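J.: Under our numbering, the letters of the sequence shown match residues 494 to 799, in that order.
Since the hints were made in silico from the structure, they are not lab data.
Hints are not guaranteed to be accurate.
Derived lysine-lysine pairs resembling DSSO-like cross-links, with alpha carbons at most 27 Å apart [said to hold, decoys possible]:
| no. | residue 1 | residue 2 |
| --- | --- | --- |
| 1 | K597 | K546 |
| 2 | K616 | K586 |
| 3 | K620 | K597 |
| 4 | K555 | K751 |
| 5 | K741 | K751 |
| 6 | K751 | K629 |
| 7 | K583 | K596 |
| 8 | K727 | K742 |
| 9 | K616 | K663 |
| 10 | K742 | K555 |
| 11 | K616 | K780 |
| 12 | K555 | K583 |
| 13 | K555 | K741 |
| 14 | K597 | K635 |
| 15 | K620 | K741 |
| 16 | K635 | K616 |
| 17 | K780 | K635 |
| 18 | K751 | K586 |
| 19 | K620 | K511 |
| 20 | K751 | K616 |
| 21 | K620 | K727 |
| 22 | K780 | K749 |
| 23 | K555 | K511 |
| 24 | K741 | K616 |
| 25 | K751 | K727 |
| 26 | K629 | K727 |
| 27 | K663 | K652 |
Simulated DEER-style distance windows between Cβ atoms [to be verified]:
| no. | residue 1 | residue 2 | range |
| --- | --- | --- | --- |
| 28 | T621 | Q540 | 37 to 45 Å |
| 29 | Q518 | D666 | 25 to 33 Å |
| 30 | N619 | S774 | 37 to 45 Å |
If you're wondering where the values come from, they're calculated on a predicted model, not measured in any experiment.
Using N, Cα and C, we set each Cβ at its ideal position, and we do this for glycine too.
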Amino acid sequence: MLNRVLEIAEENRYLSLKRGFIVIQSGNEELGSVPLDDIAVLLLSAQGVTVTKNVLNALSEKGCISVFCGTNYVPQSMVVPIASHTYFTKIIKMQINASEPFKKRVWQQIVVQKIKNQALSLKLCNKTDNVALIEKISRMVKSGDPDNREAYAARMYWKSLFDEDFSRDKNGDGINALLNYGYAIIRACMARAICSHGLIPSLGIHHDNNLNSFCLADDLFELYRPIVDTLVFKLVENEETELTPQVKKVLVSVLKIKVRISDCETQVVQSMQYLVSSFVSALEAGKPDIELPLWEGNEDGITIIE
494 MLNRVLEIAE ENRYLSLKRG FIVIQSGNEE LGSVPLDDIA VLLLSAQGVT VTKNVLNALS
554 EKGCISVFCG TNYVPQSMVV PIASHTYFTK IIKMQINASE PFKKRVWQQI VVQKIKNQAL
614 SLKLCNKTDN VALIEKISRM VKSGDPDNRE AYAARMYWKS LFDEDFSRDK NGDGINALLN
674 YGYAIIRACM ARAICSHGLI PSLGIHHDNN LNSFCLADDL FELYRPIVDT LVFKLVENEE
734 TELTPQVKKV LVSVLKIKVR ISDCETQVVQ SMQYLVSSFV SALEAGKPDI ELPLWEGNED
794 GITIIE
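Construct all of the structure, not just a fragment, from the sequences and the given hints.
T.: Set out below in structure tokens:
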């Protein structure tokens, strides 16, 4: 299973393709090379990077996602593979024809699990004051979440996890930049899973923004956010608030954190494939029951499966 994230963070780098490898250069100096077969996500966080068309095409053929980041690691665009599934047209038709009640029921399941994961995150971070109330909120979510229990839980969650003055701001520095980086990794891998199953990532079940080409990815990766949050909390607790290479390495390890799905233990990155497959099966059956990965955590919440 591909789970390597190749980030280009330094300026004035040139990427080209050579015999199945991505070659990274600075001027005329070759800095290194990475096998295409190892890469799940190409993350371009530097602004001065030159990438050949051959590189982007080769990555797409391998089912990889290329992410172009703006400031503070907020993804601005992605290059994703299309028509990579045998039943591409059939799956798209099912996705387009999904009923509103179907989509609302699926969204309800995702929100419930996300809020439960937020409660677990607080437990694992020893921030237990509002855990019982957040768990109660998870049981109050209705189909489609018309009362926006997700936002209500989020307000309590963020203030409990960090402090009363913390505000989630995708353009912010420090903690927010760490969160952005972790979310960018998860979002890209979710987009890869979606495309590999023949779905269109812009057709969401809840998110609906004409300027967002990855609404479905944003829907399905919501329940993974608290796992990233826990990693970020542990880093901040150790006074790591800058995106150093070591901190980035820790955040990328989110892809290998243990979750349970189909009665099996697996990595987060692999669980996304199972989740999207379950969603496709639900579309085909017309029944809004999907199998969601269960994050159980342990004493630190970050058990890694190599």
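J.: Confirm or reject each hint.
T.: Hint-by-hint comparison with the structure:
1. K597 <-> K546: violated, 40 Å
2. K616 <-> K586: violated, 42 Å
3. K620 <-> K597: Roughly 31 Å separates the two Cα atoms, so the pair is violated.
4. K555 <-> K751: Holds. K555 to K751 sits at ~25 Å (cutoff 27 Å).
5. K741 <-> K751: Judged against 27 Å, a Cα distance of about 19 Å means the pair holds.
6. K751 <-> K629: holds, 25 Å
7. K583 <-> K596: holds, 18 Å
8. K727 <-> K742: holds, 14 Å
9. K616 <-> K663: holds, 25 Å
10. K742 <-> K555: The hint holds at about 23 Å.
11. K616 <-> K780: violated, 33 Å
12. K555 <-> K583: OK: K555 and K583 at ~22 Å, within 27 Å.
13. K555 <-> K741: holds, 24 Å
14. K597 <-> K635: Given that 27 Å is the threshold and the Cα spacing comes to 9 Å, the pair holds.
15. K620 <-> K741: holds, 24 Å
16. K635 <-> K616: holds, 25 Å
17. K780 <-> K635: holds, 17 Å
18. K751 <-> K586: Not OK: K751 and K586 at ~34 Å, beyond 27 Å, violated.
19. K620 <-> K511: violated, 50 Å
20. K751 <-> K616: Measuring from Cα to Cα gives roughly 17 Å; hence the hint holds.
21. K620 <-> K727: holds, 12 Å
22. K780 <-> K749: Given pair K780, K749 is violated - Cα atoms ~30 Å apart, limit 27 Å.
23. K555 <-> K511: holds, 15 Å
24. K741 <-> K616: Since the Cα atoms of K741 and K616 sit roughly 24 Å apart, the hinted pair holds (cutoff 27 Å).
25. K751 <-> K727: With Cα atoms ~17 Å apart, K751 and K727 stay inside 27 Å; holds.
26. K629 <-> K727: Within the cut-off at roughly 25 Å; holds.
27. K663 <-> K652: holds, 16 Å
28. T621 <-> Q540: 37 to 45 Å: holds, 42 Å
29. Q518 <-> D666: 25 to 33 Å: Because 31 Å falls inside the window, the suggested range holds.
30. N619 <-> S774: 37 to 45 Å: holds, 39 Å
Checked against the numbered hints listed earlier, the structure breaks hints 1, 2, 3, 11, 18, 19 and 22; every other hint is satisfied.
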